[in-house]
Amino acid sequence: MSAAESRPNEAERYYNYAYLDEQTKRMIRRAILKALAIPGYQAPFGSREMPVPYGWGTGGIQLTAAIIGPDDVYKCIDQGADDTTNAVSIRKFFARVADVATTDNTAEATIIQTRHRIPEQPLKAGQVLVFQVPQPEPLRGLEARETETRAMHAYEEYGLQYVSLYENISAFGRIAATAGYPVMVEERYLMSPSPIPKFDNPKMDDNEAILLFGAGREKRIYAIPPHTRVRSLDFEDYPFEVQTWEENCALCGAEDSYLDEVVLDDAGNRMFVCSDSHHCGQRRAEGHVGPMAGHQLANPVAEDGQ
Amino acid sequence: MAYVSVKGGEKAIENAHQWLAEERRGDPAVEEVAVAQIREQLSLAVDRVMAEGSCYDRDLAALAVKQAGGDLPEAIFLVRAYRTTLPRFGGSEPVDTERMIVRRRISAAFKDIPGGQVLGPTFDYTHRLLDFRLAADGAAPPEPAPLANEPQAWPMPTIGSVFAHEDLLEHDVRSSDDAPFDLTREPMSFPAGRDQRLQALARGDEGFLLSLAYSSQRGWGSTHPLCGEIRLGEVAVEFIPEELGFPIEIGEVTLTECQMLSGFAGSAQKAPQFTRGYGLAFGHSERKAMSMAIVDRALRRGEVGEDVDAPVQDEEFVLYHSDNVEASGFVQHLKLPHYVDFQADLQLVRRLRREHFERLNPSKEAAE
Numbered sequence: 001m002s003a004a005e006s007r008p009n010e011a012e013r014y015y016n017y018a019y020l021d022e023q024t025k026r027m028i029r030r031a032i033l034k035a036l037a038i039p040g041y042q043a044p045f046g047s048r049e050m051p052v053p054y055g056w057g058t059g060g061i062q063l064t065a066a067i068i069g070p071d072d073v074y075k076c077i078d079q080g081a082d083d084t085t086n087a088v089s090i091r092k093f094f095a096r097v098a099d100v101a102t103t104d105n106t107a108e109a110t111i112i113q114t115r116h117r118i119p120e121q122p123l124k125a126g127q128v129l130v131f132q133v134p135q136p137e138p139l140r141g142l143e144a145r146e147t148e149t150r151a152m153h154a155y156e157e158y159g160l161q162y163v164s165l166y167e168n169i170s171a172f173g174r175i176a177a178t179a180g181y182p183v184m185v186e187e188r189y190l191m192s193p194s195p196i197p198k199f200d201n202p203k204m205d206d207n208e209a210i211l212l213f214g215a216g217r218e219k220r221i222y223a224i225p226p227h228t229r230v231r232s233l234d235f236e237d238y239p240f241e242v243q244t245w246e247e248n249c250a251l252c253g254a255e256d257s258y259l260d261e262v263v264l265d266d267a268g269n270r271m272f273v274c275s276d277s278h279h280c281g282q283r284r285a286e287g288h289v290g291p292m293a294g295h296q297l298a299n300p301v302a303e304d305g306q
Numbered sequence: 001m002a003y004v005s006v007k008g009g010e011k012a013i014e015n016a017h018q019w020l021a022e023e024r025r026g027d028p029a030v031e032e033v034a035v036a037q038i039r040e041q042l043s044l045a046v047d048r049v050m051a052e053g054s055c056y057d058r059d060l061a062a063l064a065v066k067q068a069g070g071d072l073p074e075a076i077f078l079v080r081a082y083r084t085t086l087p088r089f090g091g092s093e094p095v096d097t098e099r100m101i102v103r104r105r106i107s108a109a110f111k112d113i114p115g116g117q118v119l120g121p122t123f124d125y126t127h128r129l130l131d132f133r134l135a136a137d138g139a140a141p142p143e144p145a146p147l148a149n150e151p152q153a154w155p156m157p158t159i160g161s162v163f164a165h166e167d168l169l170e171h172d173v174r175s176s177d178d179a180p181f182d183l184t185r186e187p188m189s190f191p192a193g194r195d196q197r198l199q200a201l202a203r204g205d206e207g208f209l210l211s212l213a214y215s216s217q218r219g220w221g222s223t224h225p226l227c228g229e230i231r232l233g234e235v236a237v238e239f240i241p242e243e244l245g246f247p248i249e250i251g252e253v254t255l256t257e258c259q260m261l262s263g264f265a266g267s268a269q270k271a272p273q274f275t276r277g278y279g280l281a282f283g284h285s286e287r288k289a290m291s292m293a294i295v296d297r298a299l300r301r302g303e304v305g306e307d308v309d310a311p312v313q314d315e316e317f318v319l320y321h322s323d324n325v326e327a328s329g330f331v332q333h334l335k336l337p338h339y340v341d342f343q344a345d346l347q348l349v350r351r352l353r354r355e356h357f358e359r360l361n362p363s364k365e366a367a368e
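First to last, the sequence lines map onto chains A and B. What the first sequence shows, in our numbering, is residues 1 to 306, in sequence order. What the second sequence shows, in our numbering, is residues 1 to 368, in sequence order.
FYI, nobody ran anything at the bench for these hints, they're computed from the structure. Take these hints with a grain of salt, some might be off.
[Unchecked claim] Chain A regions said to be covered by chain B (calculated; three or more residues, Cβ under 8 Å):
| # | region |
| --- | --- |
| 1 | 73-80 |
| 2 | 258-265 |
[Unchecked claim] Beyond 12 Å from chain B on every Cβ pair, some chain A residues (computed):
| # | residue |
| --- | --- |
| 3 | T24 |
| 4 | I38 |
| 5 | P39 |
| 6 | Y41 |
| 7 | G55 |
| 8 | D83 |
| 9 | T178 |
| 10 | G180 |
| 11 | D206 |
| 12 | D234 |
| 13 | F235 |
| 14 | G253 |
| 15 | S275 |
| 16 | A293 |
[To be verified] Computed list of lysine-lysine pairs in DSS-like fashion (alpha-carbon distance at most 30 Å, straight line):
| # | chain 1 | residue 1 | chain 2 | residue 2 |
| --- | --- | --- | --- | --- |
| 17 | A | K124 | A | K34 |
| 18 | A | K92 | B | K66 |
| 19 | A | K25 | A | K124 |
| 20 | A | K92 | A | K124 |
| 21 | B | K270 | B | K111 |
| 22 | B | K66 | B | K11 |
| 23 | A | K92 | B | K335 |
| 24 | B | K335 | B | K66 |
| 25 | A | K92 | B | K11 |
Every residue gets a Cβ at the ideal spot worked out from N, C-alpha and C, and that includes glycine.
Using the sequences provided together with the hints, build the complete structure.
Printed below as a string of structure tokens:
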């Protein structure tokens with residue numbers, strides 16, 4: 001193949017393109033197709049042992065490896081940011097083994113791998129969002145046995161989940177789930193959105209992009225095809241609500257983005273900044289200014305050689 | 001003082017790994033340890049890495065021990081990640097442990113059994129006194145152990161053959177001729193067949209299996225085990241190449257095998273008979289093989305009509321949690337940033353606390 005011959009990464013030739021062998025990629029693609037055909041259903045797959053630890057993105061990495069090609073543009077985020085250590089590490093992995101262009105620009109990326117966030121900027125048709133999933137089973141906290149939870153999904157037996165939300169309300173006066181807030185997909189399968197904050201849940205509904213979820217250690221793949229109905233569980237008298245802040249982003253002034261709290265000193269002072277680093281940077285480039293616009297977080301020190 | 005937010009970066013990662021390499025090497029004034037030295041002189045560490053890494057290669061395992069700085073679960077992970085990239089050309093014939101070249105074979109069931117008790121190389125009956133002569137450099141190699149007067153029996157009859165004529169011990173029968181379940185290609189599924197269970201246990205963490213076996217002995221799902229036999233030695237690995245159609249020997253592996261005997265009361269249909277639990281590990285790994293045999297037997301509670309009331313008898317609990325590469329990765333992933341979810345929790349707890357105090361002091365709030 002001429003494409004393979006032109007690849008500059010000589011040192012990585014020892015491994016197949018995108019690390020996984022082609023048979024494994026085919027097996028994963030079959031699982032992806034099954035998952036897309038049954039939105040929200042957890043398709044078991046023969047997850048491989050990867051060169052990074054379980055719990056550190058092996059499911060997302062296998063999904064990306066199975067779908068990536070040399071023409072893709074790859075973005076990888078953790079906690080919404082492109083510069084978190086594990087995101088940097090995974091992005092570097094694919095830059096090496098898949099010779100792929102990388103970006104932090106959400107609109108430019110064809111594949112976005114993420115842990116714990118959905119980007120603020122709406123996704124478009126043609127984009128794939130790959131989630132790293134620690135625990136694919138939304139009912140696991142309520143029922144430890146896989147044999148039981150598989151049966152509960154088969155019979156659409158989700159009463160236990162509603163009882164748990166009701167118990168929240170009786171104990172705390174509100175639904176206390178904050179991240180990994182359970183959703184119903186096409187009114188059939190209860191699904192864990194992975195530990196994204198519930199702030200991001202509404203973004204999954206009727207999304208134009210393909211959403212793929214990979215749990216390497218638990219050996220499950222599930223998916224939300226474009227324009228699928230995704231509903232966060234709630235009650236008529238206790239409707240679903242997302243997180244809001246009294247503050248705006250200290251750097252870009254955004255009023256409608258998910259904020260991280262940054263501790264400034266030992267005296268209880270803190271600032272709130274966008275968790276989506278690209279969104280925040282883009283807004284600042286457009287001239288939006290927050291109350292602490294000059295803070296060092298806005299201009300991280302450039303690293304040697306970058 | 002001001003906090004500096006942590007910015008991850010490629011450079012930081014590279015520098016951290018350079019530092020790790022420096023720490024692994026230790027004081028450069030001390031001679032570097034060679035992979036061959038680890039292979040030959042830390043052979044039990046190599047055995048554990050091969051067993052739980054599911055890859056029989058002493059040199060690779062020794063390299064992994066060196067690269068991991070002696071952290072065996074890390075070395076096991078390195079071997080697993082390498083193993084998964086290897087092409088497969090087929091499955092071997094089942095190894096025949098009766099034809100093992102035995103170095104050690106003991107039975108706790110009988111004073112003497114066909115083939116005899118062979119103590120072999122063992123820590124058993126050593127007095128655990130630190131041997132300070134080993135700390136002295138340049139000591140001469142130990143004298144070779146004296147040879148026995150009689151050559152050893154071969155093949156060495158197994159404990160099963162001792163019981164064969166009385167039918168006192170259950171027979172292990174192969175349930176089908178299908179290829180055995182392969183956990184490295186298919187996800188775990190339940191109820192697990194014995195092939196899936198034994199593979200999971202063979203790859204399972206020695207410490208976890210040891211503790212489970214111990215819990216069983218102390219009464220949490222007891223199987224009343226008795227060590228029918230342990231044997232250690234070398235067996236031939238045979239493979240049938242498609243173009244030949246008959247088995248050829250392609251190598252030799254060192255194995256530790258353990259047969260645990262447990263009682264069984266029998267039933268209306270079935271006469272009382274001893275049952276067995278089976279343990280098998282690469283290399284010299286008696287603690288592992290014995291623990292595995294006890295856990296295997298405890299997990300057969302369904303077949304023999306025992307109730308499930310202890311962790312060791314619960315196959316979902318045992319098989320889902322025995323793999324130390326999975327467990328170590330998931331426990332340690334808590335080091336990764338979780339500040340998005342933590343922010344969500346923080347917000348909720350602050351709000352709940354505010355509501356809590358408002359409930360306690362309604363008048364104060366009204367006054368404000």
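Hints violated by the structure (numbers, ascending): Going through the list in order, the structure violates hints 3, 7, 8, 9, 10, 15 and respects the others.
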